[in-house]
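Novice: Make a model of the complete structure from these sequences and hints.
Using the working numbering, the letters of the sequence shown correspond one by one to residues 116 to 223.
Simulated from the structure, these hints should not be mistaken for laboratory data.
No incorrect hints appear here.
What follows is a set of in silico ranges between Cβ atoms, one per label pair, in the way DEER data are often shown:
no.: 1; residue 1: V181; residue 2: A157; range: 35 to 41 Å
no.: 2; residue 1: L197; residue 2: E119; range: 45 to 51 Å
no.: 3; residue 1: V170; residue 2: R196; range: 33 to 39 Å
no.: 4; residue 1: R186; residue 2: A152; range: 45 to 51 Å
no.: 5; residue 1: A174; residue 2: L151; range: 23 to 29 Å
no.: 6; residue 1: L151; residue 2: E192; range: 50 to 56 Å
no.: 7; residue 1: S164; residue 2: E194; range: 43 to 49 Å
no.: 8; residue 1: M215; residue 2: E119; range: 19 to 25 Å
no.: 9; residue 1: L202; residue 2: E119; range: 42 to 48 Å
Beta carbons: idealized from backbone N, C-alpha and C, even for Gly.
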Amino acid sequence: MLKENRAARRLRDYVATAPDLNHLAQAHGLLARTALALGDSAEAQLHLSRALEIVDRAATYRLRFVETVRRLAQNFEPEDRLHKSLLAGLATRTAQLEAMTSLPSRPA
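Specialist: Written out as C-alpha cells, the structure reads:
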C-alpha cells in the first residue's frame, strides 16, 4: 500500500498546478483511500476534506457559468438562432461537466 500512496502523492504533486482541479480532487481522493487502508484516519480525513473543498468550489463556478449563459440567452427571442445555440451549448457543457465529476459506478 505504500507504493500506491507514493503514486497518489506523485499524481497530486503533478496536477496541483494544472487548471483542471477535477484531477487534483481525484488525487486527494486517492490519498484519502490509501491513508485509510494504511490505518491513518486523520490523514484520510484531511485529504477527503481537501477533495470536497475543491469540488464545492467547482460547483460554485459551474453555477455562475450556467447563470451567465442563461442571462445571455435571455437577450434573444426564444426562436432566435443565438438563443437556441446558447442553450444547446449550455446543455452539452453541463452534461460534460456532470460526467467528469460523477462518481464511477462500483462493480457488482
